[in-house]
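Chains A and F are the protein sequences, given in the same order. Numbering-wise (our numbering), the first sequence opens with residue 1 and increments by one. Numbering-wise (our numbering), the second sequence opens with residue 1001 and increments by one.
These are computed hints drawn from the structure, not numbers from a lab. Some hints could be false.
To be verified - Here are the simulated SDA-like cross-link-like pairs (lysine to any residue), alpha carbons at most 25 Å apart as the crow flies: (1) F/Lys1020 x F/Trp1010; (2) F/Lys1055 x F/Thr1075; (3) F/Lys1041 x A/Leu51; (4) A/Lys69 x F/Gly1061.
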Amino acid sequence: DAKTTQPTSMDCAEGRAANLPCNHSTISGNEYVYWYRQIHSQGPQYIIHGLKNNETNEMASLIITEDRKSSTLILPHATLRDTAVYYCIVRVAPGSNYQLIWGAGTKLIIKP
Amino acid sequence: GAVVSQHPSWVICKSGTSVKIECRSLDFQATTMFWYRQFPKQSLMLMATSNEGSKATYEQGVEKDKFLINHASLTLSTLTVTSAHPEDSSFYICSAYSGTGVGNTEAFFGQGTRLTVV
């Protein structure tokens, strides 16, 4: 079973920041939080991952709470092309041969 | 990021025939590849894990004689759907993971193959 809980769907206005929450209350000390997204009829795309510190890259920012039981993915300036299903996944440390367990994800719809 | 190429992007086949789907890692060596199946409006379901040079490990409920996986090289894995039936119609996705170098921190995904069995 997936170890994360996400809202089923969210809307966001184009140009605004999209904040996608994820609960992972049973996360273990050696598990990372990963975010992927899947645009309709395409393979998933890696977005970002983190352990306990906040992370930022060219696509998004990841904010992890101090107790690590939840996190938020932030798309700073959402565009129509960001419409996709966003998956929050917890997994053991990078470099380990460990399959990803996919939940239902959040369907993010960016509106003009 | 690393590139994983999946071919074909879509295929239509007749019931009873076999279909082969290829997954290639273009700029890194993939010691491990994963095959997923995704039905409409559902999440990805792992079918099998294949390690280069050894037999694939199938998830419970996935018929290994129906979904043949070959991972003979570090850059190519194939999934063959044998004696396909309409219920095998789905979106098949591969991902490649190297364990070192480019693919060390996350798995990279192919673009998926839409299989329709008529």
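Quick rundown of the hints versus the structure:
no.: 1; hint: F/Lys1020 x F/Trp1010; in the structure: holds (11 Å)
no.: 2; hint: F/Lys1055 x F/Thr1075; in the structure: holds (16 Å)
no.: 3; hint: F/Lys1041 x A/Leu51; in the structure: violated (30 Å)
no.: 4; hint: A/Lys69 x F/Gly1061; in the structure: violated (32 Å)
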